[in-house]
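Asker: Once you've looked at the hints, dock chains B, C and D against the given chain A.
4 protein chains.
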Amino acid sequence: MSGRQANGGGGAEPTAIRWRRDLHRHPEVGFTEFRTASRVAAHLAGLGWEVRAGAEAISPAHRLNVPPEPELAAAYSRAADSGADPHWLPALRGGNTAVVATLRGARPGPVVGLRADMDALPIHESADPAHLPAREGFRSVHDGVMHACGHDGHVGMAVELAERLSARPPAAGSVTLLFQPAEEGGRGARAMVPAGVADAVDTFLAVHLGLGLPTGTLASSLDGLLANSKLRATFHGVSAHAAMAPHEGRNALLGAAAATLAVHALPRIPGHETRVAVGRVSGGTSSNIVPDRAEVLLETRADEGAVNEDLEARARAALLGAAQTYGLTVDVELIGGVTTARADRPAVELVEAAAAAAGLRLVTPAAELGVASDDATAFMRRVQERGGVASYAGLGAELAAPHHTPRFDFDEAALPLGVDLLEAAVRGALG
Amino acid sequence: MSGRQANGGGGAEPTAIRWRRDLHRHPEVGFTEFRTASRVAAHLAGLGWEVRAGAEAISPAHRLNVPPEPELAAAYSRAADSGADPHWLPALRGGNTAVVATLRGARPGPVVGLRADMDALPIHESADPAHLPAREGFRSVHDGVMHACGHDGHVGMAVELAERLSARPPAAGSVTLLFQPAEEGGRGARAMVPAGVADAVDTFLAVHLGLGLPTGTLASSLDGLLANSKLRATFHGVSAHAAMAPHEGRNALLGAAAATLAVHALPRIPGHETRVAVGRVSGGTSSNIVPDRAEVLLETRADEGAVNEDLEARARAALLGAAQTYGLTVDVELIGGVTTARADRPAVELVEAAAAAAGLRLVTPAAELGVASDDATAFMRRVQERGGVASYAGLGAELAAPHHTPRFDFDEAALPLGVDLLEAAVRGALG
Amino acid sequence: MSGRQANGGGGAEPTAIRWRRDLHRHPEVGFTEFRTASRVAAHLAGLGWEVRAGAEAISPAHRLNVPPEPELAAAYSRAADSGADPHWLPALRGGNTAVVATLRGARPGPVVGLRADMDALPIHESADPAHLPAREGFRSVHDGVMHACGHDGHVGMAVELAERLSARPPAAGSVTLLFQPAEEGGRGARAMVPAGVADAVDTFLAVHLGLGLPTGTLASSLDGLLANSKLRATFHGVSAHAAMAPHEGRNALLGAAAATLAVHALPRIPGHETRVAVGRVSGGTSSNIVPDRAEVLLETRADEGAVNEDLEARARAALLGAAQTYGLTVDVELIGGVTTARADRPAVELVEAAAAAAGLRLVTPAAELGVASDDATAFMRRVQERGGVASYAGLGAELAAPHHTPRFDFDEAALPLGVDLLEAAVRGALG
Amino acid sequence: MSGRQANGGGGAEPTAIRWRRDLHRHPEVGFTEFRTASRVAAHLAGLGWEVRAGAEAISPAHRLNVPPEPELAAAYSRAADSGADPHWLPALRGGNTAVVATLRGARPGPVVGLRADMDALPIHESADPAHLPAREGFRSVHDGVMHACGHDGHVGMAVELAERLSARPPAAGSVTLLFQPAEEGGRGARAMVPAGVADAVDTFLAVHLGLGLPTGTLASSLDGLLANSKLRATFHGVSAHAAMAPHEGRNALLGAAAATLAVHALPRIPGHETRVAVGRVSGGTSSNIVPDRAEVLLETRADEGAVNEDLEARARAALLGAAQTYGLTVDVELIGGVTTARADRPAVELVEAAAAAAGLRLVTPAAELGVASDDATAFMRRVQERGGVASYAGLGAELAAPHHTPRFDFDEAALPLGVDLLEAAVRGALG
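Residue numbers (the UniProt record's numbering), protein chains in the order written: chain A, 1 to 431; chain B, 1 to 431; chain C, 1 to 431; chain D, 1 to 431.
Only chain A is shown next, with the shape it has when bound in the complex (with noise of 0.2 Å):
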């Protein structure tokens, strides 16, 4: 890792790096990105962009899997105590944590868009020196919320991409900068999308860091996305003591294990990636009360959208059946979930030779690479339904650990090498 040497000689820290830094010691979880979706916009808007937040931004009966109000009071309360800005902070209460922000060019011309996404994930960071975060300060200071994908990076590169085009605006057209929440669990761009944010893109692009890309490349094109489906399951039985009553009882945590079980059996499917996974189960209090309740949460994954469809049907009927085996019942929500997109050759090569200017190396990401999904399809598909093209590249930029992990850091470098292609794709779009 070599992001201190980035910085270039003698000459302050690139705003992106700047930037990174503070948002990674203030993480926030999906649609409680008040501190950082209220600082973006008061700076680009104080740049001259145009900006839109909150409701505006973004639909809120469209959100999924939004926290409950006391969750959302207190990451309010917490963001307004530690550097939120006053001025636009009120408009994202609730939840409606987007930022919509665009610079017009002096004269009509093609729109470009670009993705960046805010939010952490909960996984508590590591405090180990070897960890660079730890070791520099800029460990989160928020207990089990942590920057364990490279958000942080992402937000710093489309900051330092404003400042850079306020200081030299387009000639023609327009840049729309779309600051999404809740990217994890892909739950934000398609809210985002019902408020119209993307309507008028011709030009889409977004851009994810590390992914196991060395420092100094770029994968013009990710077409590997999977689609895939987060499912909240609730089994519901009946509360008795366990010792006095245990068949006046139904253990609501039987129906979990076994639904666990069988969601992780649901079949591979010849010629194509998919996943399932069971990330979360909770239910009961103590080891005497039959527990009337158990919370689980799994997701289904595939490179297409009707695999996934079809994994997501069998997960439900396996959770419905797991229930009926242990005499409960259960309720299934979709909490989250993003479809497949392909990218557009005109975009790719946009990105391609955004790629030359900026000196990056263009590389095919090794097929295990582009498994993740990104809800950056739902801007996607809407571009392209309205006409436009896009895509979605890959970033190099080497990682301590991988993503989602405790000991997840990138390497600095990458993020102005980031800003230089972005500015350069930008630049090229708008002709």
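No lab work stands behind these hints, which were simulated from the structure alone. Just so we're clear, the structure is a prediction, and the values are computed from it rather than from any experiment. Beta carbons: idealized from backbone N, C-alpha and C, even for Gly. Please note that the accuracy of each hint is not assured.
What the hints assert, rightly or not - According to the in silico footprint, chain C covers these stretches of chain D (three or more CB under 8 Å from chain C):
{"id": "1", "segment": "125-137"}
{"id": "2", "segment": "154-163"}
{"id": "3", "segment": "263-277"}
{"id": "4", "segment": "308-314"}
{"id": "5", "segment": "403-415"}
What the hints assert, rightly or not - Calculated from the model, a selection of chain B residues having no Cβ within reach of chain A, i.e. all distances over 12 Å:
{"id": "6", "residue": "A45"}
{"id": "7", "residue": "A61"}
{"id": "8", "residue": "P90"}
{"id": "9", "residue": "A172"}
{"id": "10", "residue": "R342"}
{"id": "11", "residue": "V363"}
{"id": "12", "residue": "A400"}
Answerer: Chains B, C and D only, in chain A's frame:
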């Protein structure tokens, strides 16, 4: 339910009912009975009883499954803010929430020991107006905590008994009231015994109300108490991104699920009442992270200590096997456990004579009514080892809903009857 | 084991032992007792008893779980080749292997009914020389079939009793011996009752040897017999090539596996002896074919008919749920089942008087000794419905290994004692 | 299906179809191909080929999962009674059912090796008149055994090829036909390789018909063959009476059930085709006996040998863990397994040229068509190790139902096309 009529004509509410309702509003789970214990200590000291509290009444090192320090501290603060006695509170800090109070007669003589358990349960109390505590305004003020087993009534009766005995002290001998924390889980009595608080007791009695017996009746001996073992199993796996590298993870929830099914499949033992239950499972954060940790709370019970030990051993083997099946490891910790005890004929006869004096009708509990566990057996065995006698009685009190359920409530008319019983038993034992 | 000495000084081997050893060599499972039943019929007819066999003694339509025709035919041929009685054999064809024999006294009088069950078990008998039947040359000649419950002894005693009664017939009344097939599985008695064979019985007795009771003792009433339900669940899925199209298959074994775990996880019922067991699973052919069919044999038991019905209903729900979980269907068939019955005091007293005459010491069986099931209860209930009295006794016979295991063997010294008991009971009942 | 027309105008039925139908009526599972192999040997010897059979063609000690001796003996007798060749049959006794036949040209030259697999599957063939073999009278005469993968066609083509080559022998070089037993299960080729039968081969070809390819097409190389491991796990518990002493038993079926679920829950491996399947479970006899033994057949597959080895290791760990969970032990035996192989370009080109000569259209198989396994890879790897080249081709033949299902049937018109292909390839290779 006829609690209101029980108060008699125009007189004031009996102490037992008044205390019961106050405690019901302020329930505290095991080892956090700071408000309860401090108020009991203060009240009895004010009545002239010799009071020991904290580490004089309980051996800190023998406590199992003490809540983590932040929870203890939060409960301590909450108690301090809601009426705990400031003089006695500090002695209880850290969860040493036991109180032992002794009233000595003028002359030496036999020692009678009575147990009152103080802890509540992690249950959300019903807010339905049909639920008496909700309707009458003494529903729990602490969300998720509830006196759902009747321990509030036990303490109420013991406090009123103390008042009566102070008003007319015994001529000879002494009475020791053992206010124990953490009966649920089988953790409090086993830690008070090593503090020596039951060593001098000649006749020990414990009374539990409810248990399916009608108000106005008494079961003079509940020999069917079950031994139990309560275990916490923590499965350790490997975290990974569920889509990018599921094969690099080891999902701790799979072990928890297999163990849940395996524990419930432990065999029946002909000729014995046995129980097995997984009461709580929790693990993981979101569906896209393979969880590296899952916790399972479970218990075994049997009507003989040795049979319970056999079941516990089988459960431990099942936990290890389930871990191995999914490439995990597992730590298994005993977090509570009680043994069985048999009543002594002289103690039973004492109780039966007191029942006659109190106007209670003797009943034989149905087989299925006596199948709970109670760690009063730890006191019983200690007293018996030292040459004393002991019994455990069931006091009739009609129930609105079963023990350990959100609508549990008992007929308060049972409380004055219970105080009469205890007073008669004490005076009977002391001659 | 002292079977050899039991024969008395130098005299010939008692009939009961001689018959027992012959039957032990030629065991026949339920509804294939062709050799056994035909030889019994021939022998008793030769002694002058009035004999009904086949459809006169059993209602073919009421038989559950009759083996498939090819198995019946094979067993029939084998019997024909190994000593079956050619005169009586044809009546039994198709599995109607019941025999009812009556001896009438000169004058009318009460009717005594005795049950003897004839079937063996699908168990491979031990060939170890330490196993008496192996050492003494009467080990099963049919691989995989074994008299491992003592029914060979039951028939032997009934035959010797018939000889003694023929030698000195009762003056008044009559004796009916009910030789039933298929006691294992609870299938024979329930089909003989509709044939009317127990309708005239005034006093009914059934005796089972072994059960953990020492030779020379008698338990005059085993009230703890369990009701049971035996089910065959057949899961239907979809076959597919396991490598080329696993997703097109629905693996019936997954349903069988989930059902196996779920049935074993059915709850304990406080205050009741209950049992649940999956005893057989089979499905599939080779590892590369997704199996479309799996069969599960299971049973529930309880010490009360209603409790057993509750468990059976839960088991059926679990089977349906397990099928649904894995996209399967399931057929569930009742293939056997017995109910409970209580002994009548006059019948118990008759047995106790006979025990005294036979020099047997009365014992109370340990709780765990009476927890088997026996479909003699179908005869008991029928006799009781018609105004008669009934009991079921346990005859002491020390065992080399438990019932239903490959080294099961009993002390043959118990057989002459049993014949003495039965003779005394019959003569006592007939005055 | 146009099999009838394929025979051409008025002429006799081609040898390939005639042999195919005869073999289809007399299917024989792996290592019991006594009739098939002996007739092949006799016929080719009669044509002047140099024939090795039995232990000269296969290494007995390297065979996995040979059927037990009684099954071999029964199959041998059946073959002897139904047209096996009496001269060649004895050499095959004990399951050494391999035949290697060589035709040498006048001059030395390259050696071409072709594989033909002979075994059938344990599947009940459909008797529906809509199923061509049923309608046309060549349905299997052996209940429960069926040529459901097309190996009957493979042998038929090889035999007709032998006739054609005998009729017009190559001038130089030689042809070796490798008639292998037990392709299903991956057991035959791996045992023929140590007998040296492929050591001299310069160019090796294997052809499989069907696979979803239309009649008249050819896939010249199926590189997607999967490696696999086939395991037999035998769980050992303790038998007991399920009602009297369930706690003394250890139910082997519980281990089998838990293992079945665990094997199916093995993780997906990103970037790889993998498979897991439990295809057979059997254990126990009746519901009232706790079964002490249960057998599970399972397999893992992957598109890389190393990935399959990883899955196999995980499956073995799961089996051990499942056993431990329920107090059992387990023996795990490898009963079959194939590795992967890659085609060599010269061999592929040879096949493609032959296809052109035979009028077959080249197609690229869909990804999901190539995901079977075939132990021809053992021959391929051996030939490649010795410096030769190899390929494995798919011959189009429309199917009535998928491979390994009861209504499987293929378009016989493919057979003459296949013989044309093979003849062209052989003559092409020998110049």
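Asker: Indicate, hint by hint, whether the structure satisfies it.
Answerer: Against the structure, the hints come out as follows:
Chain C is given as covering the segment 125-137 of chain D, and this is violated because 0 residues of the stretch bring a CB closer than 8 Å to a CB of that chain, at least three being needed. Three residues within the 8 Å Cβ limit are the bar, and the segment 154-163 of chain D against chain C gives 0, so the coverage statement is violated. With a cut-off of 8 Å between beta carbons, the segment 263-277 of chain D has 3 residues touching chain C; three or more are needed, and the interface restraint holds. Only when three residues or more bring their CB closer than 8 Å to a CB of chain C does the claim for the segment 308-314 of chain D stand; here the count is 0, and the claim is violated.
Given as covered by chain C, the segment 403-415 of chain D passes the check, having 4 residues with a CB less than 8 Å from a CB of that chain where 3 are the minimum. With a cut of 12 Å on Cβ distances, A45/B stays outside the contact zone with chain A, its closest approach being about 32 Å. Non-interface call for A61/B relative to chain A: holds, since the shortest CB-CB distance, roughly 23 Å, exceeds 12 Å. The non-interface label for P90/B is consistent with chain A: the shortest C-beta to C-beta separation is roughly 28 Å, beyond 12 Å.
A172/B, annotated as away from the interface, keeps every beta carbon of chain A farther than 12 Å; the closest lies near 40 Å. Even its closest Cβ contact with chain A, about 18 Å, leaves R342/B beyond 12 Å, as expected for a residue assigned away from the interface. Look at V363/B: its CB is around 17 Å from the nearest CB on chain A, clear of 12 Å, so calling it non-interface holds up. Every CB of chain A is more than 12 Å from the CB of A400/B (nearest about 15 Å), matching its label as outside the interface.
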